[in-house]
Structures are given as C-alpha cells and as structure tokens.
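2 protein chains.
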Amino acid sequence: MSTERSPLALPFPELPAIAGVTPRIARARYKTWDRCDLTFVTLDPGTAVAGVLTQSRCPSPEVEWCRKALGLGRARALVVNAGNSNAFTGDRGRAAVENLAAKTARHLGCDPSDVFLASTGVIGVPLPIDKSEAGLAAAFAAEPCSWEAAAETIMTTDTFAKAAVTRAVVDGRTVNLVGIIKGSGMIAPDMATMLGFVFTDAAAEPEFLQAALAEANRTSFSCITVDGDTSTSDTILAFATGTAGNAPLTGDDDAGADAFRAALADLCHQLALLVVRDGEGAQKLIEITVEGAESDRSAHRIAMSIANSPLVKTAIAGEDANWGRVVMAVGKAGEPAERDRLAIRFGATQVARNGLAVSGYDEAPVAAHLKGREIAIGVDLGLGDGRATVWTCDLTHGYISINADYRS
Amino acid sequence: MSTERSPLALPFPELPAIAGVTPRIARARYKTWDRCDLTFVTLDPGTAVAGVLTQSRCPSPEVEWCRKALGLGRARALVVNAGNSNAFTGDRGRAAVENLAAKTARHLGCDPSDVFLASTGVIGVPLPIDKSEAGLAAAFAAEPCSWEAAAETIMTTDTFAKAAVTRAVVDGRTVNLVGIIKGSGMIAPDMATMLGFVFTDAAAEPEFLQAALAEANRTSFSCITVDGDTSTSDTILAFATGTAGNAPLTGDDDAGADAFRAALADLCHQLALLVVRDGEGAQKLIEITVEGAESDRSAHRIAMSIANSPLVKTAIAGEDANWGRVVMAVGKAGEPAERDRLAIRFGATQVARNGLAVSGYDEAPVAAHLKGREIAIGVDLGLGDGRATVWTCDLTHGYISINADYRS
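Taken in order, these protein sequences are the chains called H and R.
The numbers in numbering that gives the first Met the number 0 rise by one with no breaks, and the one at position 28 of the first sequence is 27.
The numbers in numbering that gives the first Met the number 0 rise by one with no breaks, and the one at position 136 of the second sequence is 135.
If you are wondering where the hints come from, they were derived from the structure by calculation, not from laboratory data.
Incorrect hints may have been included.
[Unchecked claim] Residues of chain H placed beyond 10 Å of chain R at every Cβ, according to the derived structure:
no.: 1; residue: Thr31
no.: 2; residue: Ser55
no.: 3; residue: His106
no.: 4; residue: Glu142
no.: 5; residue: Pro205
no.: 6; residue: Gln209
no.: 7; residue: Gly250
no.: 8; residue: Val329
[To be verified] In silico DSSO-like pairs for lysine-lysine, Cα to Cα no more than 27 Å straight-line:
no.: 9; chain 1: H; residue 1: Lys370; chain 2: R; residue 2: Lys102
no.: 10; chain 1: H; residue 1: Lys102; chain 2: H; residue 2: Lys130
no.: 11; chain 1: R; residue 1: Lys30; chain 2: R; residue 2: Lys102
no.: 12; chain 1: H; residue 1: Lys30; chain 2: R; residue 2: Lys370
no.: 13; chain 1: R; residue 1: Lys102; chain 2: R; residue 2: Lys67
no.: 14; chain 1: R; residue 1: Lys130; chain 2: R; residue 2: Lys67
All C-beta atoms in this analysis are idealised placements derived from N, C-alpha and C, irrespective of residue type, glycine included.
Same shape as in the complex, but just chain H (with noise of 0.2 Å):
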C-alpha cells in the first residue's frame, strides 16, 4: 500500500471525549501487517442512531446489517474492520457478521440489533471468524484509546488519520460532534461513503438525526468523488448519546434544531473533504462549482462530469491549463448547456466566455494557480439558477501504481 503521507493531509485536530462513547481497537490481523485492524465502540445506553448507506446494488452484508438495524433507531456498539470488506461473500460473510453481533451483545448484556458493523477492504473474501472472534475478545479487553488511534485503526490505502470536530448550542447546553473517516479511492459515494462514524453527546430522537444526517450527506459525501467507483460499503453512522442533558431534539422546529443541523453538516463537510483530500494519488484537491444551469441537480450532474473525466483530471495533474477538456466534460454530461452561452473559470480568472476564450486571454494566472495545491474551477452555463459544488482531487501515477497492484 502507498505508504506516502498525502500532500494534502491536515494534522489530527483536538477532539474532545463524547460522555457514552468509548472506543478501543485491537489485532485481528486480517491482512499481513503488524497493526490495530479492529476497532469497538462502546455506546452508552439510550445512544440514538442514524446511518447512509451505500445504494450499490451489490452491497455487503455490514451494510444489509446496518439497514435493517437502524429501523430501531437505537445503538449500544460499533465494530468496524479493516482489510477485508466481507462484500461478496454469500452466506459466509453474513454469518461472519452475525457472529460478531451476537458475541458483542453477549459481551454488553444487549440485542445483536443493537450492534453496528462496518467493514472495509478486499471485496470476495469473507471475514474469517477465528481472527474476527479473537480480535474482538482483545477489544473487550482493552483500555479505552484515543480518537486518534480509533481513526488510525479503520484506515486501509489512507495515507492519513482523519477526524472532524464541532459544536453547537442546542437547549442551552452545548453539545459537541467528532467524526472520524477513511476513504481513499472506490470514492463516488451513492448517497454516501466509505466508513465515517459521527458521535455527539446531543440528545436526539433517531428521526431527527436521521433526517439531519441525510441532509448534511447532500453537500457533503455525496459531493465528492476520487474515482467515479462507488464501494460495496460505503457507510456513515451518527450516534447520538445524549449525555449533554439538552432536551431530546425530534423535529425542526424545537430550539437549537438548526443549530444542530448546520454543525452536523459542517461537521460531515470537513469530513468529506479529509477523504478527497487524501485521495489515491492525490497531489491537488479541485473545487467545481457549477452555476446557472437549469436545477440545482443538473448543475450537480454536470459538476460531477466533469470531477470524474480522467482527462480534466490528468490536466490538472500535469499543472496544464488545458481549459478545453472542461468544456467537453460539460458536453458530455448530458445535461442541458449551450455552448455560446458557457463561462469558464480558473481560480480567479475568467478563461473563456459566451462559447469561446476570453478576448485577450493570458494563461501566467491560471498557470500560477494550477501550482497550488488547491485548485477552483468555475462552470457558468448561463441558463438558470442551478448551483452545485463538488470537491476531487487530480489523477496522478500514484493512484495506477495504488490500484495496479493493490492486492500483493
């Protein structure tokens, strides 16, 4: 695996502990390396749950699991392994995950429903029992570690440990929200992505966080994208322990609802971008803003076109103005755009207006920016109101020397 810090990597942030949310790791050894693989959270009772999940149609069964256990609305523990995803794997893999909720339930004295599993790695390969089941009874064991260990521990080709933090006044109580994700390619999250787990000691009624969760997921994972290949596991849990004491959150319009809401999708936008930024061979991270199309979807579609074209990604990769290949990436969408009526923007410069270059148009500033790390490219397609930004990053030789040889 690409061992390389990304250039884009933030340092770990300060996170401070959630009341009711414990997390210790473990070695199950799932692949040949001398590291915590499983990680096991412990949720104090009440603790209310929301998830995204992947919409492939292949999913794994942690994700079926995870499906019909959020239905009760209600959490106790989180066990996540990395190194082998589990996906594919018939009825192996799903009493793989069985065995694993059933232990942890014996272990905490509650349902296996209130178990929730993630898995992540290679694809065909069930989990195997011996080293799930000895790796979750050292889990058991151990003291409690930090959040920086916990999000070490669910990487596979993340170059990086990634976390969030925010806050938010709700019922005159401050409560606090952290999140830790990996991700790193198979990134075109369906609806969502990868593994992230959010936990925050607000109180919270599970219909309410669910619908906050989903919200926050439109501008965040499912506004990102690596590779255009969504993962068979894509998953992102929120728990909700409701140690701060506020009053119980269970609509829109109670105090401190909004409040919440936009630091939950603050919260899932910082997480998103750890992922793009830690993308499989990423030396730049691209911001597409698309404006003036037709719906707000339609300008996402097309901002997503042009996320995914190889070609604006090698472009940019290569430091190389070659504004053109937006304009096919717009072409190509199959959404409706008008050539003569295109805009098209580099950082701060206008590169091309009204269906061709700019009269007069001089490439040093974009040549300028396109050495950053942080690239904007801006669409205006001069049709309506339509508005979208994603977020990718640039397709190097790291990502085919990652994913040319991933599994050896």
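Chain R: place on chain H using the hints.
Showing chain R alone in chain H's frame:
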C-alpha cells in the same frame, strides 16, 4: 506526444482503391511538427453520404456543419485537419470552417454544402485560417496518396495508422468498403466516435446509407470506451460513390441490402476495435460481455460501468485477478442487479457464482489469462435475456504520462 507503437497494434491492411475516391495530403503545420496534417479527399459527383456525430452539447463547428450538410445527402469532398479541433472557438471557428468549405467548393465547382469537414486536436484554439488555406492549396496541387498516408495524416495521439476493409455482393456486383479512423484518448463515443471515414463504391441512397450506418454504430462505436470522456468532435462519415454499378440500395428489402448492412457493420466493428487497441497507454484489450440483464440497454450500461471503472482497468493493468472490482462496478451501475444471482467469468474461468466466489476457486488460470494481451470478462446477472458486449483497454501509467502534459 506518445511515440511508442501500441503493443496491441495491428499491421495496416491491404486496401483496394475505391473508384470515385481520391485522397491527397499536405502540411498545414497546425502544430510544430514535420508531418502532413491536412487530408483532402475528392469524391465523384453523385456520391451519397451518411454520418453519425457526437451528441456533445458543446460540439465543434465542423460537427455542426456536417450535421446540416448531411440533410442534403450528397458529398464531393472531405477535409480533415489534425492537431487542432477548432472546438469552442466561437465565430472565428465557424468562419474557418466556412472558409475551407468555400475554397474547396470553388476548386471543385460544387456547392459548399457538398464539402464535409472534421478537425481533431486541442480544444479552444481557433483553426488558423492562414495555415489551413495554405495547407488546402498544397493539397489541391498534391499527387493522390495511399490509404495508409491518409490514415497517418488524420492521427493525433494515435500510435499506429488504422484502417479496415470488407466487401459484399450487392445486385450481382462485388462492392468494396474501406474505412480509416483515428482516436486514442477522449474516447467514449455517444452515438459516434472520434474521426472515422468509410468509403464504398456501392450505390446507395443517402437514407439507406444513413440507416445502415446508424445500425452499425450501435454495435461498434457505441460499444467502446477508453476513458469515459466524450469528444466534442466525434464524427463518422460514410461515402458511397456508386461506381460499382449496382442498382442503388434504397431499403432493407432490396437485393443485397442485408449483405451490405452486414459488411458495413463488420467494417465499423473492425474500426472501433482499432481505436481501443490504440487507447492511450493501452497494454491490454478488454472485452466485457454482460448477459442475463433485464434488457440489452441495461446490459450495455452495466458493461460500460465496468469498462469505465478506473479500479477495474488498473487491476487489469496490474494483471491482478481482483474480480471484486467487477462486483463493485455492477453494483454502482444503477441498473437492476441482484448480488446473490451474479456470476463472473475471467477468460474461460468461472470465478464467482450466486453472489460469492466459486467453491474451490483456483486463481492460477485467471492469473495466466491476465498475463495475455486480450482479456475477456463475462458477467451473468441471471435476471433476463438482455445482452451486450463492449470493449475497452487497461488504465496505465502511459495514460497519465500522455495526458498530464498533452499540450506541451
């Protein structure tokens, strides 16, 4: 540009002359290269023409010109510029096209609408009229050239000249069909691909020729992808001079119509595969067959989801039997699929069935297959009778090298 010949290249075939078709080439010097880059083909009076063009919302003025001229159904000349696509260049680009058509029409004594044009290369730079005029004048004065010279002159990042030939018996006469094509990157044809030109001495009415070409396109150019990026200039034109002397083909019930349609479909299939064989950076040709889908259309979309997945393509590049990525690509396609009915084949080896690896799966024959140049992936969804085959190439460091610095 890339100079190493694709390892998947085929030798240039022996091509017959097509009576009524005369190619010539010249140096317009659209780039700082010492090679011919303007192709000029004259066609005898009465030549029928048909075409399929990019569905991009940002088409080049050449594409718009051809779309309009195709309505008249007759052609006297073809002019192809390599090194500059003239796309997204506003009024100056349109003027360049009108100027070339007018100059050619004056030279031949025909209408400008009898002149078909195509350009390929960088987007966003108007075709320089002084260079194109000088190149065209040189071509008017040049000796006729070989098919191979014409096929070389339309190349850009291509590493080998591409042509195909076939024949059919129509109305008791043997008719010849010859095609030349270019294309290597920005290949995800949306009803057409890059620049390809088919010449036949068959006599055919334009409406018949158009229907036959559209039908051939559905199983050839519409079934290939190199990088999922659709060009602003994709153009396939078919010219039928009628010099073979058969009674002109007017409809599917005519004698020889079936033979001609089959021959045209065969020719287009050959040409499309040549483009994939010269995909930028390609080391392996990948054939993906999806069957058991709910419809042919659904099968096609799933096959394209696999063919455009960078993770599948990098795994093939790495000769890595990571079939889980095929599962991922089926799952993300947004088409009906049931994980637990899915079966996957690599070469002749069944690797997965009913939602998991086959019992006793042995990777050795798959690994051996992946070491070859031609890779076959089969997917059976187990849902219905829908079927599709598409072709792509692997994604290698070569693609990144070629495209991270295309313009320099």
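We went through each hint and held it up to the structure:
| no. | hint | result |
| --- | --- | --- |
| 1 | Thr31 | holds (17 Å) |
| 2 | Ser55 | violated (3 Å) |
| 3 | His106 | holds (29 Å) |
| 4 | Glu142 | holds (35 Å) |
| 5 | Pro205 | holds (27 Å) |
| 6 | Gln209 | holds (23 Å) |
| 7 | Gly250 | holds (33 Å) |
| 8 | Val329 | violated (6 Å) |
| 9 | Lys370/H / Lys102/R | violated (44 Å) |
| 10 | Lys102/H / Lys130/H | holds (13 Å) |
| 11 | Lys30/R / Lys102/R | holds (22 Å) |
| 12 | Lys30/H / Lys370/R | holds (25 Å) |
| 13 | Lys102/R / Lys67/R | holds (18 Å) |
| 14 | Lys130/R / Lys67/R | holds (25 Å) |
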